[in-house]
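**Q** Chains as they are written, first to last, in UniProt numbering: chain A, 1 to 357; chain B, 1 to 357.
Think of the hints as simulated: they come from the structure by calculation, not from any bench. Incorrect hints may appear among the rest.
Calculated pairs, DSS-like style, for lysine-lysine (alpha carbon to alpha carbon, straight line, at most 30 Å) [said to hold, decoys possible]:
| no. | chain 1 | residue 1 | chain 2 | residue 2 |
| --- | --- | --- | --- | --- |
| 1 | A | 79 | A | 135 |
| 2 | B | 282 | A | 160 |
| 3 | B | 156 | A | 296 |
| 4 | A | 234 | B | 77 |
| 5 | A | 77 | B | 319 |
| 6 | B | 229 | A | 282 |
| 7 | A | 156 | B | 296 |
| 8 | A | 79 | B | 246 |
| 9 | B | 246 | A | 156 |
| 10 | A | 296 | B | 246 |
| 11 | A | 156 | A | 229 |
| 12 | A | 282 | B | 246 |
In silico negatives: residues of chain B with every beta carbon more than 10 Å from chain A [to be verified]:
| no. | residue |
| --- | --- |
| 13 | 24 |
| 14 | 36 |
| 15 | 111 |
| 16 | 227 |
| 17 | 235 |
| 18 | 273 |
| 19 | 280 |
| 20 | 293 |
| 21 | 303 |
| 22 | 305 |
| 23 | 319 |
| 24 | 338 |
Reference excerpt, derived from the structure (chain B facing chain A, CB under 10 Å, subset only) [as the list claims (entries may be wrong)]:
| no. | residue |
| --- | --- |
| 25 | 269 |
| 26 | 274 |
| 27 | 285 |
Just so it is clear, the structure is predicted and the values come from calculations on it, not from any experiment. Built from N, CA and C at the ideal position, the CB exists for glycine as well.
Number of protein chains: 2
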Amino acid sequence: MLRRTLPSYTRPSLLCRHMSVVAKSLKYTQHGEPQDVLQLVEDKLADPKNKQVLVKILAAPINPADINTIQGKYPVKPKFPAIAGNEFVGEVVCVGDQVKSLQPGTHVVPLASGLGTWTTHGVFNEEHLLGISNKVGLAEAATITVNPCTAYRMLKDFVKLSPGDTIIQNGANSGVGQAVHQLCRAWGIKSVGIVRNRPEIAELKKMLQSLGATAVLTEEEMRTSDIFKSGKLKRPQLALNCVGGKSATEVSRHLNDRGVMVTYGGMSREPVTVATGPLIFKDIAFRGFWMTRWAKENFNAAERKQMFQELCQLIEQGKFVAPTHEMVPLSKFKDAAAAALNFKGFTGKKFILDMSC
Amino acid sequence: MLRRTLPSYTRPSLLCRHMSVVAKSLKYTQHGEPQDVLQLVEDKLADPKNKQVLVKILAAPINPADINTIQGKYPVKPKFPAIAGNEFVGEVVCVGDQVKSLQPGTHVVPLASGLGTWTTHGVFNEEHLLGISNKVGLAEAATITVNPCTAYRMLKDFVKLSPGDTIIQNGANSGVGQAVHQLCRAWGIKSVGIVRNRPEIAELKKMLQSLGATAVLTEEEMRTSDIFKSGKLKRPQLALNCVGGKSATEVSRHLNDRGVMVTYGGMSREPVTVATGPLIFKDIAFRGFWMTRWAKENFNAAERKQMFQELCQLIEQGKFVAPTHEMVPLSKFKDAAAAALNFKGFTGKKFILDMSC
Chain A
1 MLRRTLPSYT RPSLLCRHMS VVAKSLKYTQ HGEPQDVLQL VEDKLADPKN KQVLVKILAA
61 PINPADINTI QGKYPVKPKF PAIAGNEFVG EVVCVGDQVK SLQPGTHVVP LASGLGTWTT
121 HGVFNEEHLL GISNKVGLAE AATITVNPCT AYRMLKDFVK LSPGDTIIQN GANSGVGQAV
181 HQLCRAWGIK SVGIVRNRPE IAELKKMLQS LGATAVLTEE EMRTSDIFKS GKLKRPQLAL
241 NCVGGKSATE VSRHLNDRGV MVTYGGMSRE PVTVATGPLI FKDIAFRGFW MTRWAKENFN
301 AAERKQMFQE LCQLIEQGKF VAPTHEMVPL SKFKDAAAAA LNFKGFTGKK FILDMSC
Chain B
1 MLRRTLPSYT RPSLLCRHMS VVAKSLKYTQ HGEPQDVLQL VEDKLADPKN KQVLVKILAA
61 PINPADINTI QGKYPVKPKF PAIAGNEFVG EVVCVGDQVK SLQPGTHVVP LASGLGTWTT
121 HGVFNEEHLL GISNKVGLAE AATITVNPCT AYRMLKDFVK LSPGDTIIQN GANSGVGQAV
181 HQLCRAWGIK SVGIVRNRPE IAELKKMLQS LGATAVLTEE EMRTSDIFKS GKLKRPQLAL
241 NCVGGKSATE VSRHLNDRGV MVTYGGMSRE PVTVATGPLI FKDIAFRGFW MTRWAKENFN
301 AAERKQMFQE LCQLIEQGKF VAPTHEMVPL SKFKDAAAAA LNFKGFTGKK FILDMSC
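Excised from the complex, chain A in its bound form (with noise of 0.2 Å):
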């Protein structure tokens, strides 16, 4: 190995030497449902070297997208034996000789999918991890790299959005909906966000404007509400939607002309139904978003290191936080991918692996 033929000066403290560490990592060698095809397995890691890194993962979310590769859902397909998880927020603990970087004790995040992140550690390459703050919460960091910036990217990529402007979304309190109501307020604009009825109802729609949503109404309130006929609000030039069928005809009612609506889930696993006439008369689009292509085809750009630093400084000055989650130890993930799915789709509570435990 390179590292081997390096004389000892060579930036020592930043090099592993025989860590010999154990990861358990929950891996799955076919498609199913995560309860039953996911076995906690421990591997002996190879030192890292060259670009490599070695990190401790300290917490790893659980996300609808992760459920569906492993049910084998997702376009994504993993190869075999796969380690599941595409988020994580962890610690470096060394680096192969030429990582540049990067040095132990700085936190990480995945600026790739796919890397297998239900593991308490991983050797990844350089190129795929973003050194962030320690300053940054270690929901928040782990939850960083997908909800928050689908949020940040159908806010800034579709529609040019002016402070005063309103954005209009369903599945409110979706982890990427409740970054839109935070990112909305930290941008001054207004965002009403539509949820299902449910008998805590008082205290979402409480949470949601503690979030800074200007409004929060049901499916049934939105159909007979004037908030924006009588000029309350201007009309949307942005609606969001992740539910799709009934749902999303609604929203896209309320859009102004020329107006855009953004896919970026189908929670009913109904389709989107489009009617002629907004289309032609009222220049309506309808169009979708997937970060993970955004991701990899805007690796390198100046945006997306612009949206982190954004990210990150909207968290260290408390105006961006974690979405509504349960930290649960890494032993207890059956649990948790149980309690993530219910007979509908997924629950709006976020589950966060916590390796420390």
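Given chain A's structure and the hints, the job is docking chain B onto it.
**A** Just chain B, lined up with the frame of chain A:
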């Protein structure tokens, strides 16, 4: 009047003096079925003054939007009493004293909609008229401003198409559909047309292929065709939809990654159904197009002049013909309006009112 104060040597040949023209017009004073509400009315026209132009209408088509406007189902509402019709080709009879670009004998087409064109004569503003070569056939000129322009803009403004690329469209035998195939042929773009099955399907296919369609398939044939899978044609980057419902879903299914479906009509009266997966993972976009809006927003744009020039050139070179049509005398307008509709919407054939009879 300003005209009367001008010295008599000022462009005398262009001026009108007491023409006493009586126009026969199809007028309506309330919405309803064309055969019920249209009345053939005679009006004496005042001489054109200032920037006005007296035009003898030569031919004016019956378009779906004209019928919908009369029925009150179109977003553009006329002021009553209104003369029906939007397109025409006419010949300038005489002009007001401030008219600069037109002279008697010039053929003109409208640059604005809602002028009221189902009439033998009209007085229009110079800025609402475009002079075109008398070499452009009457049927082509009478139908140039809506269908060919719609086809032209949809092929130009949504995705960048290069020679060898493919587009797909349903309603391929519609006025726009026939224009699309001809423009694609002129520009080296492969075009796949989808039509409903019918007894005279063989003749229809032959006709569309003679206009330049690369392939014409019925909806059933398209469902099992491997025309794209086999690599015989590139997957289309652009789909044009004037039908909606299942037909639109089927057509959008063939779009390439990042493809765009543009809806410009909804003959099935069913909405467009958009699956969540292709929106997110293939980044398919669903847009709409309305020529009336484009024309208003680009009234004096260079692209508009360029478009008319290019279309007229293709017509003069015999590379672009009017859609399948029948010329009917103004006196037979009730039969024509009734024939233009059937219980399911519009038939493929276009009727053009011939004002010379």
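**Q** State for each hint whether it applies.
**A** Hint by hint, here is what the structure shows:
1. A:79 - A:135: Violated, at about 35 Å.
2. B:282 - A:160: Holds - the C-alpha atoms of residue 160 (chain A) and residue 282 (chain B) are around 23 Å apart, at most 30 Å.
3. B:156 - A:296: 29 Å, holds
4. A:234 - B:77: 26 Å, holds
5. A:77 - B:319: Violated: residue 77 (chain A) and residue 319 (chain B) sit about 49 Å apart, past 30 Å.
6. B:229 - A:282: 35 Å, violated
7. A:156 - B:296: 29 Å, holds
8. A:79 - B:246: 37 Å, violated
9. B:246 - A:156: 33 Å, violated
10. A:296 - B:246: 33 Å, violated
11. A:156 - A:229: 26 Å, holds
12. A:282 - B:246: 22 Å, holds
13. 24: 32 Å, holds
14. 36: 25 Å, holds
15. 111: Non-interface label stands for residue 111 (chain B): nearest chain A Cβ at 21 Å, farther than 10 Å.
16. 227: Consistent with the label, residue 227 (chain B) stays out of reach of chain A, its closest Cβ about 24 Å off (over 10 Å).
17. 235: Holds, because the least Cβ-Cβ distance between residue 235 (chain B) and chain A comes to about 17 Å, which exceeds 10 Å.
18. 273: 5 Å, violated
19. 280: Check fails; 4 Å does not lie beyond 10 Å.
20. 293: At roughly 7 Å from the nearest Cβ of chain A, residue 293 (chain B) sits no farther out than 10 Å, so the non-interface label is violated.
21. 303: 17 Å, holds
22. 305: Given that every Cβ of chain A is farther than 10 Å from that of residue 305 (chain B), nearest at about 23 Å, it holds.
23. 319: 29 Å, holds
24. 338: 25 Å, holds
25. 269: 8 Å, holds
26. 274: At about 4 Å, which falls below the 10 Å cut-off, the nearest Cβ of chain A leaves the hint on residue 274 (chain B) intact, so it holds.
27. 285: 5 Å, holds
Violated hints, listed in ascending order, are 1, 5, 6, 8, 9, 10, 18, 19 and 20; each of the other numbered hints is respected by the structure.
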